[in-house]
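Novice: Let the sequences and hints guide you as you build the complete structure.
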Amino acid sequence: MKILVCIKQVPDMESKFKVDDSGTWYDRADLAWRMNEYDEYAVEQAVQLKEQVGDSDLTVLCIGGDQVKETMKKALAMGCDRGAHILDDEVSTKEPYQIASIIAEYAQDKSFDLIFTGMQSQDRGSGQVGILVAEFLGLPSVSTIVDFVYEDGKIDVKRELEGGVKACVGLSAPALLTCQLGLNTPRYPTLPNIMKAKKKELLSIPVEDLLKVEARQETARVYFPEKKGGGLVLEGEVDQLADQLIQILKEKTGVFA
Amino acid sequence: MKLLLIAEYRDGQLLAGWSELLAFSREMGGESVFFLVGSEEHLPTCDEKLYLADSSACGEYNPDLHKKLIVDIVNKEQPDMVVFSHSSYGWDLAPRVAFALGASQVSEVVDVSDGVPVIPVCNSKLRREVKIKTDQAVVTLQAGAFGLQEEPSGTPTVEKISVDAAGRTTFTGYEQAESGGVDLAKASVIVSAGRGIGKPENVEMIAGLARALGGEYGASRPVVDSEWVEHNRQVGTTGQTVAPKLYVACGISGAIQHLAGMKKSEFIVAVNTDKDAPVGEVADVLVVADLKQFVPVLTEKIESL
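Protein sequence lines correspond, in order, to chains A and B.
Residue numbering for the first sequence follows full-length UniProt numbering, starting at 1 and increasing by one per position.
Residue numbering for the second sequence follows full-length UniProt numbering, starting at 1 and increasing by one per position.
Treat the hints as calculated values from the structure; they're not laboratory data.
We put the CB at the ideal spot given by N, CA and C, even for glycine.
Please note that a few of the clues may not be correct.
[What the hints assert, rightly or not] Under the rule of at most 25 Å between Cα atoms (straight-line distance), these lysine-lysine pairs were calculated in the DSS-like manner:
#1 LYS49(B) - LYS68(B)
#2 LYS76(B) - LYS2(B)
#3 LYS94(A) - LYS133(B)
#4 LYS131(B) - LYS18(A)
#5 LYS252(A) - LYS245(B)
#6 LYS16(A) - LYS292(B)
#7 LYS250(A) - LYS301(B)
#8 LYS76(B) - LYS160(B)
#9 LYS250(A) - LYS245(B)
#10 LYS199(B) - LYS250(A)
#11 LYS68(B) - LYS133(B)
#12 LYS133(B) - LYS212(A)
#13 LYS160(B) - LYS49(B)
#14 LYS275(B) - LYS252(A)
#15 LYS263(B) - LYS16(A)
#16 LYS131(B) - LYS212(A)
#17 LYS245(B) - LYS264(B)
#18 LYS212(A) - LYS69(A)
#19 LYS250(A) - LYS264(B)
#20 LYS186(B) - LYS250(A)
#21 LYS76(B) - LYS250(A)
[What the hints assert, rightly or not] Counterexamples of contact, computed for chain B against chain A with all Cβ distances above 12 Å:
#22 ARG10
#23 MET28
#24 GLU31
#25 HIS42
#26 ASP72
#27 ASP80
#28 GLU159
#29 ILE161
#30 VAL163
#31 GLU204
[As the list claims (entries may be wrong)] Okay, the calculated beta carbon distance ranges per label pair:
#32 GLY59(B) - TRP33(A): 40 to 48 Å
#33 GLY254(A) - SER113(B): 36 to 44 Å
#34 ASP21(A) - GLY154(B): 47 to 55 Å
#35 GLN176(B) - ASP66(A): 42 to 50 Å
#36 LYS154(A) - ALA57(B): 20 to 28 Å
#37 LYS275(B) - ASP21(A): 21 to 29 Å
#38 TRP33(A) - SER162(B): 47 to 55 Å
#39 GLY214(B) - GLY236(A): 45 to 53 Å
#40 THR172(B) - LYS110(A): 29 to 37 Å
Specialist: Have a look at this one:
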């Protein structure tokens, strides 16, 4: 069985972001980088499936500069067999349609039985790439899965809807699934597996070989949102802060009435 | 400008987001037409034209089928924009429709600036304006971002459409949220725990403050996913949408999905060490403090009132 999992390297969302000089994205300097959280669940599900079916080959794909190889190594240490690194130093300027086209171009002649992606990235958050890859490849797809069962080419998933409701959906491989938080418990790579991962294949492919489509949108501007008018910021010693807050709650709310 | 607004229907109910689509359309100064896979018994109360596919013939959501129905209407009506809610229905279907139309898609629009859609990025810490380069566009709207001053009224002009397509996925049923336990929608005070509480033992501290305030405690998604708090206490788009008199967000940075579930609260207090956390956007008061020091002191003082 051939499985592909697509991941993205993103900044830690707790970072202090700055707008870059072009004014169209965040400044990459001084950020801590990690695997997109949703993709960790995708990698874990792909690895679990590989372990379930036995005879399989699991490729992890990531687009970006050489820096993303660090994140790919984590996926390899979690259990992916090989890495396909699409080398693109300008990845942040690509829009979802282009990113999906690059992945689809890579995947189109490789007959993957299943493709996993995160449901969205933490930085762009478009939620489009996974579904667009499926559309490019003509595969059925289900987004936002929180449960996955595979047996003999048949797949049963649960999609997360609003208010804690889930939709149960069945489909057949080949297919693409986008993964939601809580789908599984992503494993921590063990030291032996980290060592083994260093020997796994990690091939770089220039993005120029795979990008065949024009951008359909571009970023006009990136900026910090305005804070809510009148929002009060309290700072100081906790004892004093507690008194201040109680006073405010007495004046503005009826909770002590 | 002409907009095709995609209303939603699930399990026998018209979902509430349709009026926000209309509000967006009015803000864009557009002429609008609705599309719904649903039932004549539950229609949006508006004066617009509505294309209706019968849900009893279509079954519950099927992406291949709904995509085909919408693309057929687009070909007939030639709208400039197809508009979805950024919901589990919208974010799943919109990219499929955009792909079929060769249109650009912009997800989770929160505002429009000089005709350019604005979306949140990086967990809502930044805003991005997206210039669309295709003639047709598909957008999804963040829940609560667009609202009407008054509830619309009227009866739409219905044109029924027939269904003859099948899909490659099969809907086999709904699994409802765990029932029983707490109903946060009824609580007048909610104190919620976010990732910032650090460890499961600290849930009790949050619950203690909630008790002191005569309310209930809730949690954000990461805390529920870590199984520190049960799912029926989750606040957010995939948990419960709440609107208490007082909402206290402890150690919650303010992911979009969480904000969407609590921003209608009457008075919002956030406790966070990060002065720039996105929760500050909606908070009436942001207490910049380590919640592990602040919450016990606050609880004790409230208890001694």
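Novice: Within 25 Å, alpha carbon to alpha carbon, are LYS68(B) and LYS133(B)?
Specialist: With Cα atoms ~24 Å apart, LYS68(B) and LYS133(B) stay inside 25 Å; holds.
Novice: Take a quick look at whether LYS94(A) and LYS133(B) sit within 25 Å of each other, Cα to Cα.
Specialist: Since the Cα atoms of LYS94(A) and LYS133(B) sit roughly 14 Å apart, the hinted pair holds (cutoff 25 Å).
Novice: Take the C-beta atom of GLY214(B) and the C-beta atom of GLY236(A), compute their distance, and say whether it sits inside 45 to 53 Å.
Specialist: violated, 27 Å
Novice: Does LYS275(B) pair with LYS252(A) here, judged by a C-alpha cut-off of 25 Å?
Specialist: Holds, because 22 Å separates the two Cα atoms, which is no more than 25 Å.
Novice: Check the hint pairing LYS250(A) with LYS264(B) against an upper bound of 25 Å on the C-alpha distance.
Specialist: Holds. LYS250(A) to LYS264(B) sits at ~20 Å (cutoff 25 Å).
Novice: Could you grab the alpha-carbon distance between LYS252(A) and LYS245(B) and see if it respects the 25 Å cut-off?
Specialist: holds, 10 Å
Novice: Is the Cα-Cα distance between LYS76(B) and LYS250(A) 25 Å or less?
Specialist: violated, 58 Å
Novice: Do the alpha carbons of LYS250(A) and LYS245(B) lie within 25 Å of each other, as the hint requires?
Specialist: Cα-Cα ~12 Å, so holds.
Novice: Once the closest CB in chain A is found, is it more than 12 Å from GLU159(B)?
Specialist: holds, 28 Å
Novice: Hey, LYS76(B) versus LYS160(B), does the alpha-carbon distance stay inside 25 Å?
Specialist: holds, 14 Å
Novice: Could one say that the CB atoms of GLY254(A) and SER113(B) fall in the range 36 to 44 Å?
Specialist: holds, 37 Å
Novice: Just to be sure I understand the hint, the distance between the Cβ atoms of GLN176(B) and ASP66(A) should be within 42 to 50 Å; is that true here?
Specialist: holds, 48 Å
Checked against the numbered hints listed earlier, the structure breaks hints 10, 21, 22 and 39; every other hint is satisfied.
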